[in-house]
Structures are given as C-alpha cells and as structure tokens.
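J.: Spelled out from the first residue to the last, the chains are:
There are 2 protein chains.
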Amino acid sequence: MYIRDVQGKQTDPKICPVIKKESESTALVDGRNGFGAVVGKFCMEVAIEKAKQTGIAMVVAHGSNHYGIAGMYTLQAIEKGCLGMSFSNTSPFMVPTRAKEAALGTNPLSLGCPGASGDSFMLDMATTAVAVGKLEIQRRKEEPLPHGWAMNDQGEVETDACVALDARKLMPLGGTEENSGYKGYGLGMLVEIFSGILSGAAYGPNVRKWGDYGKLANLGHGFIAIDHTFFAPGFEERMSDLMDTMRKMEPIDPSKPVLAHGDKELLHMHKVELEGGVTYVQNQHDTNAKLAEELNVKPMVSKNVCVEGQTS
Amino acid sequence: MYIRDVQGKQTDPKICPVIKKESESTALVDGRNGFGAVVGKFCMEVAIEKAKQTGIAMVVAHGSNHYGIAGMYTLQAIEKGCLGMSFSNTSPFMVPTRAKEAALGTNPLSLGCPGASGDSFMLDMATTAVAVGKLEIQRRKEEPLPHGWAMNDQGEVETDACVALDARKLMPLGGTEENSGYKGYGLGMLVEIFSGILSGAAYGPNVRKWGDYGKLANLGHGFIAIDHTFFAPGFEERMSDLMDTMRKMEPIDPSKPVLAHGDKELLHMHKVELEGGVTYVQNQHDTNAKLAEELNVKPMVSKNVCVEGQTS
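As given, the protein sequences belong to chains E and A, one line each in that order.
All residue numbers for the first sequence refer to this note's numbering, where the first residue is 1 and numbers rise by one.
All residue numbers for the second sequence refer to this note's numbering, where the first residue is 1001 and numbers rise by one.
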C-alpha cells in the first residue's frame, strides 16, 4: 500500500514535515504528503519536548498518510518517561449507530503510560468492535462472526464472514444500539475530532476509500504528551500497582489470567527475542520476494527455514 | 447520598479547593473533601484559563467526592469556546475482562466541542456497557438483560435483572472478550489513570464501595481544556459539518434518525423549556418532601400538579 502510494505520487517519500503554527504547549504540523510514520514520529517528538517544559502538549497534523500502529508513538512517549496519546482518522469503515453506510474509519486511539521498573501500560485499540482482519480470520476458519461485529447492506447485523467482508461495514465498539454501540460511535467521533477536525485534514466520509490510490489521503493525526512529574509524585509506582492489582485478580478460567493492556504484546516480544527474530508465514515471504523483483531490489533474506510449516 | 456524606463528615460542605502545584499548562488540585461539583467546576475554570494562554491545559484533583455529570464540566469549556474533557473514577462496579470481581468504577469520560452557530458535540459516557440504572429499568419492565451488560457471582454473563442487581458486576463497554470487552476495560483504565493515578487519589478497588458512608471517598478527577484557535482555523464550522453529515445519513429505521452526540439531551432541554420546568415523578416529590422534613428546611414547591400521572 505504501509503495503503491509512492508510485502514484500520492506519497512523497522524501519530505520532512513542517510546523505551521506553535505555542509553548501546541503545534500544528503539515505532513506535506509524507509517510505517516515519519509525520507521526516527528509530531510526538515535538509533543514530548513541549510537555517536558509545560507538563502537557498537543500536536496535530494534516496532509499525512497511514501512520501504521497507533501505539508506536505512545511508546516513544513512554521511552521518555511521559504518558502519550495518539489518534488517527482512517478510510471509512464504521457505520454510525442507526445508519446504513460507513462514515468514519476504524479510527484508532492509544494511551501509553510508564510504570515502575520498566513496566508499562499500553492501550492501542480501533474504535470499531473489531478490525477488518478479524473478519478475514473468521472467514478462513469458516466460523460465523459474533453478533455485533459487522453489518450487511440491508442495515442488519451480519454473521456470515464472506457477506460482511464484501459489505465492509464494521460496527462501532459495543455493537448494536441496545449494547451501547453509540458509545463506540462517539469514541470514533472523538478520534476524528482530535485528528481530522482540529488539524484541518480530510475527515469522516470524505477520507479516501481503502485502496483508492488515485487521490491524496490527507489524513489527520493527533498526539498528546503528558509529563507526570507535573502532577502528584509517585505516578509510576501507582501505575504499576494498579496493573499488578488487575494481574493478580482471580480469573474465571485459570488458564486465562487477567491481563493489563500491553501484556500480550510484551509476551510476544519475548517470544520473538527467544526465537532470534520475527517469524513470517511462507505466504509473506513469497509476497516480499515478488515485490523485491518488481522493484528490482535485493530480496529479504531469512535466517532459518521451515519450522513446522513456518519460515522465520 | 451527598447529604449522608455531609452528615457523616465525609464531605465538608464549606471548603474551597486549593492548587497544590501548577505550571503554565497544568495544575494539581486538593479538593479537601469538598463537594465533587465544587471541585470539578473550580478545576475546569483553571484549565480553561490556562488553555487560553497555551492552547491546552490539564488539571487533576484528589480528595474529591462524586462530581455528578461528567458532561457538566465539558459544557463549561464549550461556553468559553474551548474543547473540554472530563474524567472521574467512581466506586468499583466494572469487572475487568477474565476476572470475577469488580475492580474499576463505571468511570465516565466526556468530550464536549463547540460547533458553529451554537451547535455542539457532547459525548458523556460510562466506560461500562451500561450504568446500574439501566439494570433497574429492565427489572421494573420485567425484561431480560441483553447479553453483555452484567455478570453474576459465578463469572457468567447474567441476563436476569434481579440476579445482576444483587451481584453489582457490570461488564465493560463491548461486553465479552470475544466482543472486545477488553477495550472497554482499557478505557476504564484510561479514566482511572487520568483521575485517580495522576492525582494521587484513591484508585481501582481501593475506592470506597457505593453507599459506604464510613470512609472518605478521596475520588480523583481529570480535566483537559483545548483552545482550538491554536490549531487549524475553522474548527467550529468543520465540527458542525461533521455532525450534520451524520445527522443527514439515511437511517435504517426512518423513525429513528442518526444522531450526533448531545442531540438527544438538547431535544430534552427544549421539551423542558416548552413545559416551563423539569417534570418529576410523584415518587421524587415524596422523597424530596421527606428529606425536607428530616432536614427541617422548606420543602420544594412545584409549579403544576398531576399531568397524566406526573407532577411538574
């Protein structure tokens, strides 16, 4: 997707984002159609620097592209001892409560907070009930979708994964109106406001459709950094105590411990370290090789081959 | 509840909150066990004043009590042309995903934003699937609870309203783990961090239980004010355009239009204005009269009597 955008000149791979307007605690950034990850990293750096001076700072950007993982930027804040928030609008996928068509993106939000002794809290979530990838997994497993994930073109809750994947209409977190789906719709609006509306980027249903490479994305992002030393002393200890309290709770199923947000990903990172690298499925290797050939670059070399049907 | 706390000396009705620590864009407030609404109003005033200077400000308070409606404080920000956010922890009611006991409150969050020509966006939501009051309504209607609202003491989803009301175990927004309830649990943590953890107040399962008048509440609140003029010009127009886009979408059921957040409450306020006041049910009048007698104060006088079984 990123390469298609560069080839079509919708993304300029060489630009640096610029600050258009700033104060002690804020900045408005023009991403100049650069890579979203470059724009995002720049914005969070500016936010952290300002938050270290005044306690809290907010930086928003327009003219950006898909910024990848919302939690990447809040991790930047954690590494500097700050709390970080990150928001981005995305291509329309979410159907607002009572409506029939998609009008907001999966609009992710993330909050990252440093705990004691390297511990950390990391919430990174789409404001839809699930991301599109989860529908794809159900389709491959040939299992029905749980009620409240997706809708069909008739405006009904859809449980057939194939029909739902064609319709591309995700429900907001919560699902139906009865189950408070309007709260998930409200959180999608919150993300839209902090990314598209504050920054003057494209917003709502005007954001280009997924896979539409003929149009500039002009996505918006929002970033907040907070230096907890400006508030009550002992933040990191209380943060870890709260997480440990949750982790130590009696679980319903003894094989499924209660988690704090980010624990699952940390466990996975340990696994990757133990294995000496990221494990890819063969299909991913094939795609990479094909792309390398098309772009006339050296293909990616893997360390090991075929461990139980996978290549690492 | 407020009166019981004053009578038991858990709330001091006469205090003024004080700023313990501040910067250009932050303040830490000690609520000194005053009324939550007094503490909240004070904090948001400070946040707005600072945001007008630096673009964004955050104020957190410890030593506070139940602050009522989260949206009251974001409305304060709207009235001054700012965006406002408000967060508060509350007595434990939410069961974290995979756990059996309640460990977080219904922990509300609110975002209020000014639109064009007096229009506004007002999200005010508990981070549980529903508030306790909704279980009570289902019990009175003798209808089962939708799946995903509440749990029983065995850690199962409960649909019997009576059993659920006894257990007092609400599920996070989303419901079960399959339906991404861990996102609602994560949002409950976010609110806890911005209220209890940053401020040094009581937090998580250590907050006093609902109706426990023998202990100080020491609740925490968090407030953020943002002056949109520090970002891209034309915020209010884009905000209204986004809301109007939603309002004009084709609804599934023509009798249920797509709403922007706050529309339902605005319609209700118009109704109250048309009727010349708030309509109370007889039961509320009786409770007020009994309380007035107990406190030896003049009872509340109503304007009209008995309109279709109600008194206004």
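FYI, nobody ran anything at the bench for these hints, they're computed from the structure.
Keep in mind that a hint or two might mislead.
[What the hints assert, rightly or not] Label pairs and their computed distance ranges (CB to CB):
{"id": "1", "chain 1": "E", "residue 1": "1", "chain 2": "A", "residue 2": "1020", "range": "58 to 64 Å"}
{"id": "2", "chain 1": "A", "residue 1": "1139", "chain 2": "E", "residue 2": "153", "range": "34 to 40 Å"}
{"id": "3", "chain 1": "E", "residue 1": "132", "chain 2": "A", "residue 2": "1003", "range": "48 to 54 Å"}
Predicted model only: the values in this text are computed from it and were never measured.
Just so it is clear, CB atoms sit at the ideal spot from N, CA and C, and this is done for glycine as well.
J.: Evaluate each hint against the coordinates.
T.: Okay, the hints, checked on the actual structure:
no.	hint	in the structure
1	1(E) <-> 1020(A): 58 to 64 Å	violated (49 Å)
2	1139(A) <-> 153(E): 34 to 40 Å	holds (37 Å)
3	132(E) <-> 1003(A): 48 to 54 Å	holds (52 Å)
Hint 1 from the earlier list is the only one contradicted by this structure; the remaining hints agree with it.
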